[in-house]
Every structure is written in C-alpha cells, then in structure tokens.
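Visitor: Using the sequences plus the hints, can you model the full thing?
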Amino acid sequence: MIRTLIFGAIAGYVGKKLYDEGKLTEFKDDLVARYNQAKSDLDQRRDSDTTATSPNLATPAASTTGAAPLTP
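Position 36 (the sequence shown) corresponds to 36 in full-length UniProt numbering; numbering is contiguous.
Since the hints were made in silico from the structure, they are not lab data.
From the three backbone atoms N, C-alpha and C, an ideal C-beta is built for every residue, glycine too.
Just to be clear, a hint being listed does not mean it is correct.
To be verified - Restricting the straight-line Cα-Cα distance to at most 27 Å, the calculated cross-link-like pairs of lysine-lysine (DSSO-like) are:
1. Lys28 x Lys39
2. Lys17 x Lys28
3. Lys39 x Lys23
4. Lys16 x Lys28
To be verified - The calculated label-pair distances, taken between Cβ atoms and stated as ranges, are:
5. Tyr13 x Arg46: 38 to 46 Å
6. Asp43 x Ile2: 41 to 49 Å
7. Lys39 x Gly12: 26 to 34 Å
Guide: Written out as structure tokens, the structure reads:
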C-alpha cells in the first residue's frame, strides 16, 4: 500500500511538471487526431458495407451445413 502511494505521488509530480511545460498538449492533440481519423474510417466502412449488403437482406439465408432438412 505504501508503494502505491509513493508511486502515485511520483506520477502526480511528473504529470504536473509535464502539464506545466505544455508537453501533454502535443500528446492530446495527436490522440484526438488519431481518434477522429479512426472514427471517420469506421463510418466510411459502415457506409460501404450497408450499401453493398442491403439487397442481400431481403433474401433468405441458405444452409451451409450440408445437412439434410428434418422431415416429420
């Protein structure tokens, strides 16, 4: 428990120094840019997938197991 408190104090001190020097702003800006790029890529992929698969939604799915259907 003491080690956790000491580590937390050191991390807080180092984090405060980095924040005061403005070095975390560059990291934050990079992180936000990467997030927005990934989000736009995912939206584009979803749009292309929905346009490509929308006609197939109306057709029934075929069995791919190769098993014979059950008869009563």
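Visitor: Now tell me if each hint is right for this structure.
Guide: Now the hints, each set against the structure:
1. Proximity of Lys28 to Lys39 is assessed by CA-CA distance (about 16 Å); at most 27 Å being required, the pair is judged to hold.
2. Straight-line distance between C-alpha atoms of Lys17 and Lys28 comes to about 16 Å, which keeps the hinted pair within the 27 Å bound.
3. Restraint check for Lys39 and Lys23: the C-alpha separation of about 25 Å stays at or below 27 Å, so the hint holds.
4. Between the alpha carbons of Lys16 and Lys28 the distance comes to roughly 15 Å, so the proposed pair stays at or under 27 Å and holds.
5. At roughly 44 Å, the beta carbons of Tyr13 and Arg46 sit within the given window of 38 to 46 Å.
6. In this structure the supplied range 41 to 49 Å holds for Asp43 paired with Ile2, their Cβ-Cβ distance being about 48 Å.
7. At about 31 Å, the CB distance of Lys39 to Gly12 agrees with the hint of 26 to 34 Å.
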